[in-house]
Amino acid sequence: MSSKLLLTSKEVDIILHRLACQLIEKHNDFSNTVLIGIQPRGKFLADRITDVLKNDYGITDIELGFLDITFFRDDFRRGDKTLEANKTQIDFLVEDKKVVFIDDVLYTGRSIRAALTAIQSFGRPNEIELLVLIDRRYSRHLPIQPDYRGRQVDAFNDERVKVQWKDVDASEDEVYLISNPINL
Amino acid sequence: MKELSVNHLLGIKYITKNDIDLIFETADQFKEVINRPIKKVPSLQHITIANIFFENSTRTKLSFELAQKRLSADVMSFSAAQSSVKKGETLIDTVNNILSMKVDMVVMRHSDPGAAHFLSRNVKASIVNAGDGAHEHPTQALLDSFSIRERLGEVGGKKVVIVGDVLHSRVALSNIFALQMQGAEVMVCGPKTLIPRYITELGVKYEPNLRKALEWCDVANMLRVQNERLDVNYFPSTREYAQQYGVDKALLDSLNKEIIIMHPGPINRGVEITSDVADSQQSVILDQVENGVAVRMAVIYLLASKIK
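Those protein sequence lines, which keep their order, are chains A and R.
Going by this note's numbering, the residue at position 48 of the first sequence is 48; the numbering climbs one at a time, nothing skipped.
Going by this note's numbering, the residue at position 249 of the second sequence is 249; the numbering climbs one at a time, nothing skipped.
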């Protein structure tokens, strides 16, 4: 098993700021926009982007929620995926709002398909966009593409892109490409 | 991988503590789902479930049906009164007929203890025991523990007294197993005629005096007097039962701490508990009903995930 460092913590920081700026360009003061982190790992990216928007760009009033998609997956009963459901916390309606899904890695696109169905339980959004830190190129199973991407990465099917967050899994923000991952 | 250690839910004594934890974690998420504007998830849209109730039930039947429909399963309900059982069909034949319509899961309530067990060995479907005679009622025990966990943070270390007709109660037995598995201390309280003779062999205390039992406990689970199962006179009169073993507000307020009141339903108001106790802040009876749907969704979801 070998791991290659794709993004250092400085690069991750620059990307977070760039993504935040892109969001502001499109959504201004976020009065009609909500951010939804896709559980389990999109939550951390969503928290960080919200912090950057608040602390560095003065956008204090942002609606942030977390959506768990376990019950909307299309691989239920088909294989050995873990059945751990995480918390969904959306304390507002998304009716007529612009929604930005936030996830760390976009791979096959099936998680986002599940999220698109799941979010309907909370209303009918005006518009839905997707923000990801890592976009794995050429590995989509569905016609789903990000609107905001941090870095595009080419990886084989048996490789894994792992995003580690400071104070959560590691001492620094880092993104690794892992070949032959064993039980990560 | 997190999954249940069993393919059927026949009783609490066949599952493990890890199973209980997994069911509760999943039920936490389903509780959030049933409080959303749109209370459905599509997970079980390819699954057909048959609810077969040979004994009367409103609450459990509705709760199971609601749980199944919220999971988007196809549901067929069958109750003994309007059925071929009246024409003398055996249990296995009834169920096999239903199964040949390709049903994936069966939820059954039957008056014979072991009926669900028997079914699991003879038919090809996932079986959920919704009550078999006076033996077990596992989903009730799970929702009771879930409600305690919700109110008190955890079940381990808590003191729970089960009050009333323990002799005829499948709710009591399943609860005893579940509570002990989670590290709670259990006591039973009731007239000696309604307490099984060797109940203490299960590691359970017995206290005939209601006030002492309530002073000891953190949670009181009040059982219904099951008139339909009383073949002889187990106590002189309902009034005397209510005086000795019924809980009213005065008794509740006179205790040295605030305890939680539970009841599996339906309540005989004025017998096991009075209306002001049933409707008080200390009662979690309506939470039990809401939690029942979430817990049953979790059980059905986790069992269905094992059907390949």
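Derived from the structure by calculation, the hints contain no laboratory data.
Computed from a predicted model, the values in this text were never measured in an experiment.
Take these hints with a grain of salt, some might be off.
[As the list claims (entries may be wrong)] Here are the computed lysine-lysine pairs in the DSS-like style, where the Cα-Cα straight-line distance is at most 30 Å:
{"id": "1", "chain 1": "A", "residue 1": "Lys97", "chain 2": "R", "residue 2": "Lys39"}
{"id": "2", "chain 1": "R", "residue 1": "Lys17", "chain 2": "R", "residue 2": "Lys249"}
{"id": "3", "chain 1": "R", "residue 1": "Lys306", "chain 2": "R", "residue 2": "Lys31"}
{"id": "4", "chain 1": "A", "residue 1": "Lys87", "chain 2": "R", "residue 2": "Lys31"}
{"id": "5", "chain 1": "A", "residue 1": "Lys87", "chain 2": "R", "residue 2": "Lys61"}
{"id": "6", "chain 1": "R", "residue 1": "Lys2", "chain 2": "A", "residue 2": "Lys162"}
{"id": "7", "chain 1": "A", "residue 1": "Lys87", "chain 2": "R", "residue 2": "Lys40"}
{"id": "8", "chain 1": "A", "residue 1": "Lys87", "chain 2": "R", "residue 2": "Lys17"}
{"id": "9", "chain 1": "R", "residue 1": "Lys2", "chain 2": "R", "residue 2": "Lys306"}
[Unchecked claim] Among the chain A residues that face chain R by a calculated CB cut under 7 Å, a handful are:
{"id": "10", "residue": "Arg41"}
{"id": "11", "residue": "Phe71"}
{"id": "12", "residue": "Phe76"}
{"id": "13", "residue": "Gly79"}
{"id": "14", "residue": "Asp91"}
{"id": "15", "residue": "Ser121"}
{"id": "16", "residue": "Val153"}
{"id": "17", "residue": "Asn157"}
Glycine residues also receive a C-beta, built at the ideal position from the N, C-alpha and C atoms.
**OP:** Mind listing which of the numbered hints don't hold for this structure, in increasing order?
**Re:** 2, 10, 13, 14, 16, 17
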